[in-house]
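Asker: Chains as they are written, first to last, in this note's numbering: chain Y, 1 to 365; chain E, 1 to 332; chain Z, 1 to 534.
Hints may contain errors.
[To be verified] Taking lysine-lysine pairs in the DSSO-like style, the calculated list, with each CA pair at most 27 angstroms apart, reads:
| # | chain 1 | residue 1 | chain 2 | residue 2 |
| --- | --- | --- | --- | --- |
| 1 | Z | K307 | E | K227 |
| 2 | E | K45 | E | K294 |
| 3 | E | K185 | E | K151 |
| 4 | Y | K310 | Y | K344 |
| 5 | E | K151 | E | K135 |
| 6 | Y | K144 | Z | K180 |
| 7 | E | K37 | Z | K307 |
| 8 | E | K294 | E | K227 |
| 9 | E | K179 | E | K149 |
| 10 | E | K228 | E | K294 |
| 11 | E | K262 | E | K95 |
| 12 | Z | K307 | E | K228 |
Simulated from the structure, these hints should not be mistaken for lab results.
The residues making up each chain are set out below.
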Amino acid sequence: MTSSIQCPIPVPGVPLLEVHEIRQAYGSQAVVKGLSFSLAQGSIGCLLGPSGCGKTTVLRGVAGFEPVSGGEILLNGASVSRPGFMLPPEQRRIGMVFQDYALFPHLSVADNVAFGLHGANRQERALRVAELLEVVGLPDSGRKFPHELSGGQQQRVALARALAPCPALLLLDEPFSSLDVELRERLGQEVRDILKQQNATALLVTHDQHEAFAIADEIGVMHQGVLQQWDSAYNLYHQPASRFVADFIGEGVLIPGTALSGDRVETELGILAGNIPEACRNQRQVEVLLRPDDIVHDDASPMQAMVAHKAFRGADILYTLLLPSGQKVLSLVPSHHNHADGEKIGIRLEADHVVMFPRAEAGGL
Amino acid sequence: MRILKILFVGALVSLAAASACAAEVVVYSARNEQLIKPLFDAYSKESGVQVKFITDKEGALLQRLRAEGQNTPAELLLTVDAGNLWEAAREGLLKPVASQTLNANVPAHLRDPGSQWFGLSVRARTIFFNQQKVKPADLSTYEDLGSAKWKGRLCLRTSKKVYNQSLVAMMIAEHGEAKAEQVVKSWVANLATEPFPDDTKMLEAIAAGQCDAGIANTYYFGRLMEKKAGLALGIFWPNQQGSGVHVNVSGAGVVRHARHEKEAVALLEWLSSARAQNLFADVNLEYPVNPAVKADPLVAAWGGFRQNPLNVARAGELQAAAVKLMDRAGYR
Amino acid sequence: MKRHGWRLAATGIALLIIVPLAVVLASLFSPERDVWPHLLEHVLPGLLGNTLRLVLGVGIGVTLLGVSLAWLTAVCEFPGRRFFSWALLLPLALPAYVTAFVYVALLDFTGPLQTVLRELAGGPLVFPAIRSAGGVIMVMSLALYPYVYLLARNAFLTQGKRALEAAQSLGYSRRAGFFKVALPLARPWIMAGLLLALMETLADFGTVAVFNYDTFTTAIYKTWFGLFSLQGASQLASVLILLVFALIAAEQVSRRGLRFTQAGRHSRMERIILRGPSAWLASGFSALVLLLAFVIPVAQLLLWAEKVVAQDFDARYLGFLWHSLLLGALAAALIVAAALVLSYAQRQHGDGWTRAMARIATLGYAVPGPVLAVGIVIPLAWLDQQLIGAARNWFGIDSGLILQGTLLVMLPAYLTRFLAVGYNPLDSAMQRVTRNLDEAAQSLGLSGLAMVRRVHLPMLRGGLLSAAALVFVDVMKEMPITLMTRPFGWDTLAVRIFEMTSEGEWERAALPAVALVLAGLLPIALLIKNTDKS
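Using the sequences provided together with the hints, build the complete structure.
Answerer: What follows is the structure in structure tokens.
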């Protein structure tokens, strides 16, 4: 479907969004303490973290709703936020999908979507609205009012509305938090497809890692105002840079280990070989991260662990196992291996990556 | 609980009031409290009879009398104009009183021909002028205020006040509706500004020069001059060759269903007596109705004048016609 | 069983309004031959023109003032914002008819301003006439804008910010966002406030009397007492009531089908910070309105009162004050209770009938005081006759008046007149007490009265206090009904003011006026504390 409103094609080379060491505060309380990342055109980024880590503040800073007290934000190479200067949101060519959608209840769906289309004549507007409603899968809903739609439908209208004026950057604030779980995953995929199809550059903020995994190309894990790691989902999972990231992303346990010569580390479950990170080189005592997929069920293995708890997950069962030393580990096992609590089963270490941290200070790296 | 107590007390009081039939008279008064309280206090001291009263606008009082019917606690109706007394009589709310004292004390044209009400003080509604701009020789009659020479120089009070309604009613009685309407229209054409809500503001406007002449009740003039002595306001008695100055009365009548009729008549007679007349009239700078009583010296200093001898009851008879006439003439 | 109970209660309350209204409207069916043709030809056209002008003028005035001030104090930040947020409600304590006579005294030809200007100019000069349509509109707008201000402020506080951000994210500047989004969203609240203000305007008698401005109320009085025709007056009153119905219907139609509550949580409010000239403009504007609507009138009243206090102030004054306070308190208690019943009836059993009854019950606000008084007095008088007759026949007691001349006449009249004032804030608060809360309470073992006491009433506290405060102030300011139905010797401050102003003694009227304003400040303070959530 063609539209007479053409979205500009992104110019390669300049990253669309650059955030340099920004600091943000509410009153005297520092909320964001020096954060940097950048987003290339056409890529979808995500700030992931627990409530209160400051991710929404960063998003609102990029939008122009909150000022920065240190550092700089650049959109398309131009400085839009720095201490003492904040370009107003309406001049930034951003689009925003709010957590509660913020649809205008007194306007119809079509009028909502058309809201940001200044300077277009009525025909162009109608065409663009129809195009977007089709893209988000609500082609016949133009005449309806927001209160007549379900949560998922409202969210799609909000997306359509934000995309209609071809924003340079799309910002999404916990877009799925008010929807139920199955809807989330499905919509997550759909939203990613829509964004890619529209060549949109987007920054998403969420506390739900599954959402992040479904939608984003790059994810930044935030904790207490600081960016812990900015990486792909795979790397965050398999090569977490800090204790916090290891903890936050996926499941896993840290078991004690002793570093040996020759890039090896000894644990209760056996010896692992792999790259020893710099920080752990001269330590004897380390902690090794073991994910549930690192431990496989092997009846033939001499290592026995007792089932402390099992969580049925359909295709798999997540067993919480107790090693002879009392250390807990997790193991993800195909669910037809159904063992009871208290049973002893054989397990084996099968880790492709070695992730370890120096032993025991509280907190991250 | 408070509520119940008060309601209970209210009921008891009404019961008590009725059954005790103690020596007291209840008055419904359109005359303001500060004017009548000293009077009634004096009466109570003299006669030992308590006087209870409630004040309100005359129309509302009439409404209340009508609604209360034969259960009304009122004995005397006291108003500030004859029109409402006439209306009360017409509706059968008053009863005739045969009293030689009253007939002697109150001149015939100032009481009801059917003896249902009696005037107790006289107020003249006359012409006042700005002494710096107008000479008494320029003035002559009420009607003349409509002539071309007064264009843009006349001030009037609103037609909504009963005093003006009575004035126009008397004009209808004298000249008939057609001529009266002409006169009123000519007044309206000469107005310097919108009609005033009260006489005092109008008199002040005349003194300040917003207009040169106007029509007001004498006692407002008296009160104003007492407060601001230096004002350049003069008083003029029009129509002395013809019908005379328009007067009205503040008066009272006995309510038809009065329970203490004797006491009510006694109070009425006392109000018309020499003793009370000065108390009644002087406190408001009015003229006593009793011809044997002299007016307050301040009032007397304004000079004598001929009154319009038409019975003031006509003001009531023709009041409705007057209101309609003023509507037609655009006199607001 | 329970449902019928609620229905009955709602109907009973509505009857209190329907009976007087019916009594008045019944007069339409027997047009008096003498009076009606005259009214139709010479009076009605002027009245309709004047009323239209007044409604339009005051409507625009209160909307402009109320909405702009609400926006500034709810969403923006400027020097003095905190102070003005509550101070701009102070004019509620000042009756319009008091502001009226102060301004006429100040600005008329003989007033101090023009006198000084004439002296400076050395001769006559042209000055806008205060006793004109413009003057009435100005005074009433200054007196009534708080209704719109209060409600619009609530709307902006709860909805404005998020909608504005969404508009900004779509390319609209803050100013454009205000007109395109925040304002339309606040429309139902603004309209509700506007309706209250306009109903007050239509029912007002004291203010238009001071200005000698012909409206339905002045015509009703003149027809009733000048033409001695209660029938004619009732007929004019009926036309007025029909006009009010039309107003209400128009408001309803404009609301239909639109839902204005937004789903979702509200984020932290951050105000739009005004700087430089716009900040000073905001402060200046707020200060000017406060000055004109409250400070100047009160200052003049105090000056006048000081002159007469020596001669006029005595123990009787405390009596007037006491009566005013007592009436206000009793009426507030009664009306809040009735409003609560009505609101619950709608909540528990909100069918068409109950809703209709609730709507009707709040109409009394539009009926002018004297008309309502007549509509109440006549049926109550009839009832009284029956009771007296019964007392005589069954008990042999010659009782005299039982109901009339007691508070039993005044309180129902106040209920009829001011139910809307108590009902609106209470109903808004009731909306937030959702069904979910009831069910949660029930699952925890609470029901019935215990639930009302421990769950509902605490949540309704704000609404209850606002309702009580507003009713208290309105009843204290009320004059025509009090005048007509009060028991012997039961003068209130409002009655005193009337007695003085009707004799042209405006300076003496200042003393009871000051007392009235001071007495009204306490409930207003309560109201302010309650509504100021930001």
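Asker: Indicate, hint by hint, whether the structure satisfies it.
Answerer: Right, here's what the structure says about each hint:
1. Z/K307 - E/K227: holds (12 angstroms)
2. E/K45 - E/K294: Roughly 24 angstroms separates the two Cα atoms, so the pair holds.
3. E/K185 - E/K151: holds (12 angstroms)
4. Y/K310 - Y/K344: Roughly 13 angstroms separates the two Cα atoms, so the pair holds.
5. E/K151 - E/K135: Given pair E/K151, E/K135 holds - Cα atoms ~16 angstroms apart, limit 27 angstroms.
6. Y/K144 - Z/K180: With a Cα-Cα distance of about 20 angstroms, the restraint between Y/K144 and Z/K180 holds, given a limit of 27 angstroms.
7. E/K37 - Z/K307: holds (23 angstroms)
8. E/K294 - E/K227: Holds: E/K294 and E/K227 sit about 24 angstroms apart, inside 27 angstroms.
9. E/K179 - E/K149: Roughly 19 angstroms separates the two Cα atoms, so the pair holds.
10. E/K228 - E/K294: holds (25 angstroms)
11. E/K262 - E/K95: holds (12 angstroms)
12. Z/K307 - E/K228: Given that 27 angstroms is the threshold and the Cα spacing comes to 14 angstroms, the pair holds.
Checked against the numbered hints given earlier, the structure satisfies every one of them.
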